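Asker: Top line first, the protein sequences correspond to chains Y and Z. Note that our numbering has the first sequence beginning at 1, numbered continuously upward. Note that our numbering has the second sequence beginning at 506, numbered continuously upward.
Treat the hints with caution; some may be incorrect.
[To be verified] What the simulated footprint calls covered on chain Y by chain Z, stretch by stretch (three residues with Cβ under 8 Å from a Cβ of chain Z suffice, anywhere in the stretch; the number is not a length):
no., segment
1, 440-449
2, 466-476
3, 487-494
Honestly, the hints are just simulated from the structure, not real lab data. All of these numbers come straight from a predicted model, not from anything done at the bench. Every residue gets a Cβ at the ideal spot worked out from N, C-alpha and C, and that includes glycine.
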Amino acid sequence: MTEFPAAPPVVEPSHEWGRLDPRMIIVRPLNELMGLLIPLFILMFAGNGDTWRIVAGGATVGALVLYGLFSWVSTKYRITETQVELHKGLLHRQRLAIPRDRIRTVDLTAKLGHRLFGLSAVRVGTGEQSRSSTDGVVLDAVTAAEADRLRQVFLRRAATAETVVGEDDSTSISQLDKRWYRYAPLTMSGLLTIGLAAGFGMNLARELKLEFSETGLIRSVFHWVLNTSPLAVIPVVAGLVLVVSVLLSLLAYLLQNHDFRLTRNTDGTVRVRRGLLTTRSVSVEEQRLRGVSLHEPLLLRAGRGARLTAVTTGLGRASGSSLLLPPAPRGEAHRVAEQVLLADPTSAQLTRHPAAARSRRLFRAISPNVAAAVTLLLLAAFAEWPHWPWIVATCLLPVSVLIGLDRYRNLGHALTDRYLVSRSGSLDRETVALQRTGIIGWNIRQTLFQRRAGLLSVTAITAAGKGGYTVVDVDESNGLKLADAAIPDLLRPFLQSSQERPDGS
Amino acid sequence: MAHADSRQTGGVDNTEWRLRAPANLVSKRAILHWTLSALIGWVIVLGGQGIHLLVNDDPPAVAQTVAIVSVVVALVHVLVMPRWRYAVHRWETNPDAVFTRSGWINQEWRLAPVSRIQTVDTVRGPLQQLLKLATVTVTTASAAGPVKIENLDASVAARLSDELASTTQATPGDAT
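Throw the hints in and build the complete structure from the sequences for me.
Answerer: The following block contains the structure:
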């Protein structure tokens, strides 16, 4: 486990154009190759040694090496007093510049290839919503020391005066506990990996016309499956999938969260470091932290675990860079939320939603299931489909009833002195605490059914995270009171008391 | 029903609140615009079905049923939707906020504080240009969707966007 080296003294960068580290000429193809290693290997050697397979494989490697060379040649960056500039691209030239005072987050990522050469990629996030496919400004890559220096230069303005910030000035909020590994199998990541690998493998085999049925091992497996009663096959397969998925999820947890550390730094940032092969260090400016989101997927919830992410501007949503705490005990998640926010909104007592919301949750959970069952039944009756699909769909009805009830049970909201808290979901229960000052508008929706049930859904609009967080199916009047109280005097001019409304019992 | 859950907030405020309609209607020609847009969509759908029925010598009974149902749905949609929308779509601004109501079966109120406005765009589609209408889009720093005021009279739209733009410029900060 390489540590990030101690930070050198911070000096303002010169205005000279800098290049990425020359070792990237090798590292970039290396990183790409590692992802392609297995497909390439199969492509080149799985067939009968056809010439085209070898040529195609060689050409891929060659193209990757050339790509690495060209992208190094064409990329340069510089940091001035006011902005960070990046020029890149050979055929499609790009010139990116972002003002330094808009930098909210700095994400240092070192893949295995980077790690071998002591390099690190620097991704800079601004307040804008990254909806486009471009990742903003990424310096891929510079030496780890330079990366660390850039991180400090970019985020330094928040610190007091010109103090040099060293690693030791950070205070630890949380770090990985070996016992947390027991939550890894509860994340379904293993099952997901199996599914993806199976799909990918089958697709590849079909593309390359590999005849698996000709291989002795696979043929004997098929032979066994076909000649044994399903009562014996199903438990064996299920057991196998279970064991493999547990192992894979443990592996994924190890790869992603090894040596996880969450610290608060004196330069006004919260910093997450984690990863075994690919290491990541994400620094978030505390002033721009708009809240946290507590994720409790069903299984993890059953095991009293939770995961914590940051609600902030400047982090890509897809890449999982907003993670504050990997799957860990729920108590730890609440503690970390409290430490990071210096308030304790996630464990606030939530207000339940009215009973009308239960009917809506139930209806929405059951109706797709009923529709599917009816359709399958009709297909079985008129289109000669087999009968088991509609029977299975019908048997799943009690499950969707339970999910609907659980969704209702989980609905809740609260308003603390600084945060708006909202909880919803069943399979992926999410409790969001959003800073009231970070709310930049309201969307209030009412469907026909909600109108008749006297409910509405209030979405707090924010620049951070997903862009909007919804309080689902709240009582009409109380939802409006909530919005009105969260930002005083904004909504009030558009409200009227409904005393003139006919009073039905 | 309305009073059943007033204990929810736990506060002393027991008044029942609801949103009032924003003050201003959109242009009367908006009805025409919504009608025409819906018509264009349905012409494509029904036209495709018609061609299928005409070309096919022996069209299946299902296709005819689907076509009849489509015509009925199209008629109801084209006649009802624009008028319903016209009754729902409303907007209002005050020095602090832009407030809109839109939708028809499902309705949505959107509120954006003027201090958080990033851009004010005016867009006029081809049909809107014919009808001298314009849509004003007010964006904030959020990805969750801008506040849109559809089918304003073009002159009203121009005045509104000028007004909002000048107020926005006067507000310091980056509005995030």
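Asker: Are 3 or more residues of the segment 440-449 of chain Y near chain Z, judged by a Cβ distance of less than 8 Å?
Answerer: holds (count 9)
Asker: Counting residues of the segment 487-494 of chain Y whose CB is closer than 8 Å to a CB in chain Z, do you get three or more?
Answerer: Result for this restraint: holds, n = 6.
Asker: Are three or more residues of the segment 466-476 of chain Y within 8 Å, CB to CB, of chain Z?
Answerer: n = 5 at 8 Å, threshold three: holds.
Against the hints set out earlier in the document, no violation occurs for any number.
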